[in-house]
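Asks: Chain A is already provided as a structure; the job is to place chain B on it using the hints.
Chain order of the listed sequences is A and B. When we follow the numbering used here, the leftmost residue of the first sequence carries the number 1, and every step to the right adds one. When we follow the numbering used here, the leftmost residue of the second sequence carries the number 1, and every step to the right adds one.
Hints listed in this document are in silico derivations from the structure and should not be mistaken for laboratory results. The beta carbon of each residue, even a glycine, is placed where N, CA and C say it ideally should be. Hints may be right or wrong, so weigh each one.
Just some of the chain A residues that point at chain B, by a computed CB distance under 10 angstroms [stated by the list, open to error]: (1) Ala-24; (2) Thr-26; (3) Tyr-115; (4) Lys-156; (5) Gln-159; (6) Leu-203; (7) Arg-205.
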Amino acid sequence: MKKIYKKPNQIRAFFVMMKYFFLAQTRNPATFAFGFLFPVVFISIFGLIGGSTQTLNIGLPSGSNLNNPIVQTIKKQSYIKTQEAPRTDLEKQVKQGKLSGIIEVQAAKQAQTAYTIKVTTSQANIQEAAGVNSFVRGIADQTNLELAGVTNPPVKVEQTEISGRKLRYIDFALPGQIGFSLLSTALFGTVFGLIYLKKALILKRMFATPTKAMTILLAQGGSRLIVALLQTLLILILGIVLFKFYLPHGWLTFVELLVLSVIGLIAFLGFGYFMAGLANDENSAGPLVNLVSLPQFLLSGTFFSTENLPNWLQPIANNLPLSYFNMAVRKITTEGGDFSQTIPYILGLLAWGALMYFLASRTFRWE
Amino acid sequence: MSNIISVTNLIKTYGNFTAVDGISFNVQPGEIFGILGPNGAGKTTTLEIMETLKTLTSGEVLIDGINVQDHPWEVKRRIGVQLQSSAFYPELNLIELLDMFAAMYDVHIKPMDMLKEVELEDKAKNYVKQLSGGQKQRFSIASTLINQPKVIFLDEPTTGLDPQARIHLWEMVRKVNKSGVTIVLTTHYMDEAEQLCDRLAIMDKGKILKTGTPKTFIKDLLSQGFKKEAKPEPANLEDVFLNLTGRALREG
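Looking at chain A on its own, in the form it has when it is part of the complex:
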């Protein structure tokens, strides 16, 4: 009996499967909500946070001397908001951290004094308290010099401002949002998606065809890559159009961001396949996925800078895969750097990816 043992053709199967896996994802409400709706909401909020500038809120007790020149100077400052109310009310607000401090100018108590400026601040808001104190000291020093008739003080302060782009919160948060979306898609989509395919025997039915298991997994990954690229595009376009997100080198930066997203997703997918291998069902997958994703969302400088983290945590925080991704993205956006500067981070990402694909190949079960 003559037989031809031809190798099955995987190329057509790969592309057709990728098309339909992608189509299936677009029809899944979870993909839509987590992949597209959440980023839009997040980006909108970040854009709005960036709009306000730092101000000091200062209370002026009603009934105190409000007509003296020092109070008038305070009121003229653009970054200060004043509020007049009875002293007891103001003190309550300072304790609650709603007011930065209270300034009360009192008439002289001694012969050689013109005024006494009484400043009241609270531990509730240390940074603003320091701001109020140094601001009042500055006014007092200047008034003292004027009253003493010193027109040419021996120590002069010369202030120079270097022109630079004003960085807003959105400029920091948008790269983090891209990383966050990629990691979510790679982890939650892959882990819960594969567990469902296994449990519903969908994978098994596919294994009964001449298409190889690896082709099926690659098509799965490919379809997630398309979804992830669309997420990145959506976040970038929203940021650029609505909130004037800054691309230092225009289109080049835009393309570089897409390239970084592809590399990032490939590395993160490794985590997805590894977790899908470890977890037997949805119940064990939930905690596992959160164990991987939550520390990264918190420690990788996704939504706030890692500079304030304690020293012992820094080496960990700076070497997580999402940290590498975030640092690479910020290198070419907020820092305006060259793509070549991202190479150390790309290598770090690929190293994480390689480790995860290796572990996944050990743990993955088809049934």
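Replies: Showing chain B alone in chain A's frame:
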């Protein structure tokens, strides 16, 4: 060389547990061959080894003369597989599913013609979850025929179906069989085995107890002097049910 399937001394063990314990049987081309047995008898394991989905511990399985262990890809091309649950992507419609499977088998088909074969052309744009139990199984059978297989395997095709849907599915199976496809199915329903299958293997605890046609089984039993205690009824409750609800196929 006339056997389309030939199973010899097949054993499958999981640790200390022997799921399939040295079974042998042959299936002739054009047959409807049934594996009858209670749950846990080893029917599905036997089927999945023939389908290349599980490896065997020892023994030999030839499909169309090809060894499943040595040439699984060549076997996969020649068989159609229906699993116990309707294992399809929930977010793709019937046409899309058939199109995807055609690519996975590397064949070119007209999905609409395939749906017509199983009377589902008006459900073309529906998702599998929108189908009734019988419609799901019919679609599942359509998906086994994509690669024009020589043999199709159906694992408990009528479990959970109501009487009308079962009869409809039997007709579908007979129609596919008439077009020249050999069919191997598992079941735990006696009436299904008796009415649908040309030949049967009765399986329990991993072993085949008896192989033959339903008629010879009964003849053999009667020749041993067996007598049924109760008088045979001229009609049973199922006949009443079918008579009242209509034997005509109501199922969409």
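Asks: Work down the list of hints and note, for each, if the structure agrees.
Replies: Status of each hint after checking the structure:
1. For A/Ala-24, the shortest C-beta to C-beta distance to chain B is roughly 4 angstroms, which falls under 10 angstroms, so the interface hint holds.
2. Given hint, A/Thr-26 at the interface with chain B, holds; its Cβ is 8 angstroms from that chain's nearest Cβ, closer than 10 angstroms.
3. This hint is violated: A/Tyr-115 has a C-beta 75 angstroms from the nearest C-beta of chain B, more than the 10 angstroms allowed.
4. The beta carbon of A/Lys-156 comes no nearer than 72 angstroms to any beta carbon in chain B, farther than 10 angstroms, and the hint placing it at the interface is violated.
5. Taken as an interface hint, A/Gln-159 does not check out: its beta carbon lies about 62 angstroms from the nearest beta carbon of chain B, beyond 10 angstroms.
6. The restraint placing A/Leu-203 at the interface with chain B holds, with a minimum CB-CB distance near 8 angstroms, inside the 10 angstroms limit.
7. Given hint, A/Arg-205 at the interface with chain B, holds; its Cβ is 4 angstroms from that chain's nearest Cβ, closer than 10 angstroms.
The structure fails hints 3, 4, 5 (numbered hints given earlier, in ascending order).
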